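So the protein lines, in turn, are chains A and B. Note that our numbering gives residue 269 to position 66 of the first sequence, counting from 1, and the numbers run on in steps of one. Note that our numbering gives residue 478 to position 340 of the second sequence, counting from 1, and the numbers run on in steps of one.
Source of the hints: derived by calculation from the structure; they are not laboratory data. Keep in mind that the hints are not guaranteed to be accurate.
The list that follows gives simulated cross-link-like pairs (lysine-lysine, DSBU-like), each with its CA atoms no further than 30 angstroms apart [what the hints assert, rightly or not]:
hint, chain 1, residue 1, chain 2, residue 2
1, A, Lys449, A, Lys386
2, A, Lys541, A, Lys454
3, B, Lys424, A, Lys263
4, A, Lys449, A, Lys610
5, B, Lys424, A, Lys365
6, A, Lys350, A, Lys365
A quick note: this is a predicted structure, and the numbers were derived from the prediction, not measured.
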Amino acid sequence: MRDLLKVLLVASLILLMAGTSFAAGFGTHWVLSNTPLRLPAISTAGSSPAETAGKPEQFKVFWEAWDIIQREFYGQVPDSQEMTYGAIRGVIKALNDPSTVFIDPKASRLEQSDLSGRFEGIGAVVSADESGQIIIQSPMPDQPAEKAGLRAGDIILKVDDKEVTGMPLTDVVLLIRGPRGTKVRLTILRPGEAQNLEFEITRGQIETKSVAYQMIEDVPGIGYVRLGIFGEKTTRELQQAIRDLKGQGAKSLILDLRNNPGGFLTTAIDVSSQFIRSGAIVTQRWNDGRERTYNASGGGLATDLPVVVLVNKGSASASEIVAGAFKDYGRGKLIGEKTFGKGSVQNVHNLSDGSTLHVTNALWLTPLKHEINQQGIEPDIEVTMTDADVRARNDLQLKRAIEFLQKGS
Amino acid sequence: MRGCLNIALGCALAVFVSGTAYVAGFTSSLVFTHLAVPPPPATTAAASVDTSPADREQQLGVFWEVWDILQREHYGRQLSPEEMTAAAIRGVVDSLGDPHTTYLDARHARAFGDQLSGSFEGIGAYVEIRDRRLIIVSPLRNTPAERAGLRAGDIVTAIDGEPTDGLTLTEAITRIRGPRGTTVRLTVIRPGESTPLILEIVRDRIYVPTVESRRLADGKIGYIHVFEFNERAPQEVRLALQEVMRDRPQGLILDLRNNPGGYLHIAIEVAGQFLDGGLILTERQKDGTERQHTARRGGLATTIPLVVLVNKGSASAAEIVAGALQDRGRAQLVGEQTFGKGSVQVAHDLSDGSSLRVTVARWFTPNGRSIHEQGLQPDVAVIIEGTPPAGQPDLQLDRAVQLLLK
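Okay, chain A solo, but in the shape it has when bound (with noise of 0.2 angstroms):
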């Protein structure tokens, strides 16, 4: 049992980059490339189909229907697997839960070669909310899609012209993606903006590094980590920008989580556990009310340095989970926008033809227990930015953490 919760762990971990990112076909490959276990395993290991229940009494009803459209219906009936496909989006549309998705074969592949960690596209981090938008959860630091202007919250409209506001999301990002050097337009809804927005990025290849540091220039004695995400290398860079920062002479610490959209539940933990020396992090509830609470591993290198967190709308998921024990420990105030709100895991299951499907599986608690789902965090010190402020790189959010750090309020 211990073995297998490690085992659900990890695809939870996974999952929870993959539900934050998935989305990011388009710029979470390297959610991927961290991602050594897609576990089949999980999705055999409560039971077996043979031992499940039966179909229920009510299904035949489907088949009714099933019939009648095979018959009668005028145009191209879809083959049975498409039909088949089409039925699970059906439920898991019912279910309400944009992070629980199911991925058809081909898009699964698409996926998969994420995994190698080549990816061709725009980099950045889509989703979609319960009314088929979609969303720009975050772009990528220093991707095709920053640099084009895209920002967090930008719901698209159309690419190239096709409408995609309630499709599946894996359609639109493999509609986004594409070779490098060829050119997707996007028509993007701003809130706030009265005209749509239109933006024709080159697509690249993307690469992105999960931490980058450096000591504030003209301050002495603070240092600067932003971390991308919460992939398996994390931890390791993160010390290592850590040990030095302090060489360098830092004696308190930005940690930079903006637009960061999550990964991986234990990398969250450990990174949690650089700055907190003991007691729990994140807390696991499953659905019916069992709970694991996971604490700090201890031996972190910054836990007694000042430390300011900073995080926006772009804050997500594992993000989140490190936001949300800075802030029930009061170990460093949160200085910037409400985090995105996403706290539960997925579970990630490779079914029998091929598809993948993601099923939410839990949610994850503060430390205080805490849901932030759908609520996000609250920054202590609320600073917004303008698209004014983003294009002429006026960032007001680092500049209130120097002063902070500096005065101390």
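Mind docking chain B on chain A? Use the hints.
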């Protein structure tokens, strides 16, 4: 086979009910059911699938894998077997990509079925989903929808602030309808206007009329307005024709504006009052078989000069009648391009009380034209934005009178 036909009839009626009900509610009463296509006997159905129940479940193998996982693991709501079944059917229907093929679960089928009484509480507009957008096909006269200024062609993007993206027709109608006296807020995009309009509409009891008639130009012109092609329409049209023809008018106006359609066989009967036999439409099924529908002889108004009023709210069965009269050279169409719905649906009641409406055919005018998504072009175009308010001149009607008096 005869029994089967009866059954088909019963079910078509039931559907029609839901069809009009929506209308009222607002849905597509574009619904347009057809009695001539009864489902084949059950044996054929079974034969065409040629698999045992066990094999069929096998065919859905991945579906059951997903269902098992969801039941075991999903955090949050679990679906009941009934909900799961309805959701699966809805998913299959969605995968067809045809907005006119729709599924109502038992609860909704009951709710809409109860509306056949001819009245319901809502705002009084026909709606339709086209390209995933919720579109006003036509507001009914003297209803809250019309008084609030809702127009044919308006796109409803939100209902009470909730986006309409991804809503099925039934869901949209369910949200727009409600008890009289309550208010619904529609966010509307009107082609040509740059900013969305927000319309607050107080719901009322909506009565759906079928036919109205009167004399125009001192009795020189007879006027018959058909609101929809329901079961009452043939009788009411016959009575109205007898009434207005008594004055021996020199011309007749058939007003099909904002008529969203109805039953195919009713459209054929009504068209037959104006055509002395001959082709009304050709219906083509999925296997390529064609069926020609002709007018019965003995119509009451087969020779008198005739003008048909149409607009973009004229849909489906209304387009059948207008298209036949136009192609046969029987009448001039005055007004605007029509809606463009050239498909036929049959409604099936399923064993649990739910209802499946399936597009089973396309229809073509006597000259072989398909009007699907194109509509009919008027012979004399008179374009009006919206419905003229009461007391204002009706330019389309005036033009029709003029043409007939000439």
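Consistency of the hints with the structure:
1. A:Lys449 to A:Lys386: violated (43 angstroms)
2. A:Lys541 to A:Lys454: holds (27 angstroms)
3. B:Lys424 to A:Lys263: holds (25 angstroms)
4. A:Lys449 to A:Lys610: holds (20 angstroms)
5. B:Lys424 to A:Lys365: Measuring from Cα to Cα gives roughly 29 angstroms; hence the hint holds.
6. A:Lys350 to A:Lys365: holds (23 angstroms)
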